[in-house]
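Student: Sequence:
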Amino acid sequence: MSSSPLTATPSPLLPAKSKNPPPHHHHHNPLLAYLPHCTSLRALAQLHAVAVKAGGGLQAHPAFVTRLLTLCTEQGAEAPAHLAYARQVFDRIPHPGDVIWYNTLLRGYARGGGGGGGAEEAARVFVRMMEEGVAPDTYTFVSLLKACASARAGEEGRQAHGVAVKAGAAEHEYVAPTLINMYAECGDVRAARVMFDRMDGECVVSYNAMITASVRSSLPGEALVLFREMQAKGLKPTSVTLISVLSACALLGALELGRWIHDYIRKMRLDSLVKVNTALIDMYAKCGSLEDAIGVFQDMESRDKQAWSVMMVAYANHGYGREAISMFEEMKKQGMKPDDVTFLGVLYACSHSGMVSEGLQYFDSMREYGIVSGIKHYGCVTDLLARSGQLERAYKFIDELPIKPTAILWRTLLSACAGHGDVDMGKRVFERILELDDSHGGDYVIFSNLCANTGRWEEMNMVRKLMSEKGVVKVPGCSSIEIDNMVHEFFAGDGSHPHSQEARRMVDEVIEQLKLVGYVPNTSHVFHVEMGEEEKATSLRYHSEKLAISFGLLNTAPGTTLRIVKNLRVCPDCHSMAKLVSMVFNRRIILRDLNRFHHFEDGVCSCGDYWKDSESFSGGPLYPEGDRGTESVFKKPKMIIWKHKLLNVVKYWATNADSRDFDLVSYDQIL
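Here UniProt numbering is used: the first residue of the sequence shown is 1, the next is one more, and so on.
Since the hints were made in silico from the structure, they are not lab data.
Certain hints may be false.
[Stated by the list, open to error] Here are the computed lysine-lysine pairs in the DSS-like style, where the Cα-Cα straight-line distance is at most 25 Å:
{"#": "1", "residue 1": "LYS275", "residue 2": "LYS337"}
{"#": "2", "residue 1": "LYS332", "residue 2": "LYS305"}
{"#": "3", "residue 1": "LYS427", "residue 2": "LYS396"}
{"#": "4", "residue 1": "LYS236", "residue 2": "LYS267"}
{"#": "5", "residue 1": "LYS332", "residue 2": "LYS275"}
{"#": "6", "residue 1": "LYS332", "residue 2": "LYS376"}
{"#": "7", "residue 1": "LYS474", "residue 2": "LYS427"}
{"#": "8", "residue 1": "LYS275", "residue 2": "LYS236"}
{"#": "9", "residue 1": "LYS305", "residue 2": "LYS275"}
{"#": "10", "residue 1": "LYS337", "residue 2": "LYS396"}
{"#": "11", "residue 1": "LYS404", "residue 2": "LYS376"}
{"#": "12", "residue 1": "LYS305", "residue 2": "LYS337"}
{"#": "13", "residue 1": "LYS305", "residue 2": "LYS376"}
{"#": "14", "residue 1": "LYS427", "residue 2": "LYS470"}
{"#": "15", "residue 1": "LYS427", "residue 2": "LYS404"}
{"#": "16", "residue 1": "LYS376", "residue 2": "LYS275"}
{"#": "17", "residue 1": "LYS267", "residue 2": "LYS233"}
{"#": "18", "residue 1": "LYS305", "residue 2": "LYS333"}
{"#": "19", "residue 1": "LYS275", "residue 2": "LYS333"}
{"#": "20", "residue 1": "LYS376", "residue 2": "LYS396"}
{"#": "21", "residue 1": "LYS233", "residue 2": "LYS166"}
{"#": "22", "residue 1": "LYS465", "residue 2": "LYS427"}
Could you build the full structure based on these sequences and the hints that come with them?
Tutor: Written out as structure tokens, the structure reads:
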């Protein structure tokens, strides 16, 4: 960072004390009694004015300044005006010499205050600290690094790490886990792992940081392996450990593992914690068991805003838009103020249920709650308009946004163009995407297929040639199914799974039975001029979804629900096949693809086939509340690695049941 480089070298004394602490720190100040009653920024400013008029400057009232700064910074990103005011107060003090004041400001930026510039502002505060000769303590570095993590400011974070090393603070038990988290938040999981490997392996906080980092980097298998290591070393998991492990189960779609963790949570008597229950709701919903998610929600003695929002998003992801909106209205009746995540769930519910007017009304109502729309909200509105066929309106909406549109927004519209067969609009959108990102294979596939579907063969060939020249490849389809605590994965067309031939033979048998009730391969989305209809049908036969479903039929008892996770969007032919399988074999199939959940039962899908209006292979996120997506989980080499590691984890859990009785270790002050 050029404007405020972290080049000063602090004193290595840790923890630090204030430089020349003001003599009145412990004297009674009558103004302190009024501060808790100031419920607005205006009231705080008025009391501040009284303190200034009392004479001696703010330094004459150090305890008052400390409390004022604390009140103004404790909400972080939720009250940016308060944080800005705290900074003004601080900047007007001629020579602030109290480390607590610096740490308080830094904590405000660490909580997300200052927006994208939070890391830069935190760095300026830290540089002034060095210039004033105030020695930082461990809390200084923790807050500074958290501010960098909150702003995803990797360069500033690396500089802060360097200063921490010079100060002898980098290996501290509070600072080191924060460094792991900072690197993970900034997308450098390799650096996070290097930090972790350098540390003493007996630290619960460090394990928690690395497990969380693995989950956030879409490496759920690694997170579970780390959890197993914790148990092998006799370390005591905390509530945050289990929340992260539940997130790993959610990424994998590993329902049985998630249920085992739930039992473990009950055993540790953590099932009364709101955040743990919220993570359970999220896990069950993402693993396809909406019933279990509802059960956890209904059993909660108290619910916060996040619990309501997660349950709302769960309904939306499973196609129950009306129920999600009903929850939103009930939440408001109970006095809960919706936030940006809540509205994300509502908008997502509307876009996937065809409720266009309702969705636009909810989007407009965000202003009434003082919520600033983010890129994900814009994505939901784009999807809402595009799915309903209002392609021109969606294009105009993206083009006139107050922020620079991302490639993801344009991809959402491109998918809808394919679904509605509008090749001219598709071409305009495709060109806008290439201006931002020309490395995404799904974009080329969608547009080339759209050209082929409308008979524009020359343009199709040009797109495929461009794709070849740039070395862009389409992400291979991969579907997984969990059977007996083992996650089995299948890739389209290959034989990497040890039972792939067995699964292929089962696919053949299933298709022959489905043909008796009218199944005909849907080849409308196979665009190869040189292929005949029979060849096209053959190319569809061994899609990864079909292999996973057939393997499940072969290896589970009659009537068992099949739960499939796919890294891409389910294709129309596999969707039709799954509906018929649910009817002919009397199976319930829950399929999670890139965009949503599909519940197949008695020949019907919960999506009502509405998904077909948006022909997306790389569309909007399945989890609008902020998960980073699962595409990297399904890259073939990593899948094979974590599959075997996951098996080892399951074996360990199965044979070491008695080692799971741990007491709770609280570390809420650290992370």
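Student: Now, for every hint given, state plainly whether the structure supports it.
Tutor: Taking the hints in turn, this is what the structure says about them:
no.	hint	result
1	LYS275 - LYS337	holds (18 Å)
2	LYS332 - LYS305	holds (10 Å)
3	LYS427 - LYS396	holds (15 Å)
4	LYS236 - LYS267	holds (13 Å)
5	LYS332 - LYS275	holds (20 Å)
6	LYS332 - LYS376	holds (22 Å)
7	LYS474 - LYS427	holds (19 Å)
8	LYS275 - LYS236	holds (18 Å)
9	LYS305 - LYS275	holds (11 Å)
10	LYS337 - LYS396	violated (31 Å)
11	LYS404 - LYS376	holds (13 Å)
12	LYS305 - LYS337	holds (8 Å)
13	LYS305 - LYS376	holds (19 Å)
14	LYS427 - LYS470	holds (18 Å)
15	LYS427 - LYS404	holds (20 Å)
16	LYS376 - LYS275	holds (23 Å)
17	LYS267 - LYS233	holds (19 Å)
18	LYS305 - LYS333	holds (13 Å)
19	LYS275 - LYS333	holds (22 Å)
20	LYS376 - LYS396	holds (17 Å)
21	LYS233 - LYS166	violated (32 Å)
22	LYS465 - LYS427	holds (16 Å)
In this structure, the hints that do not hold are numbers 10, 21, in rising order.
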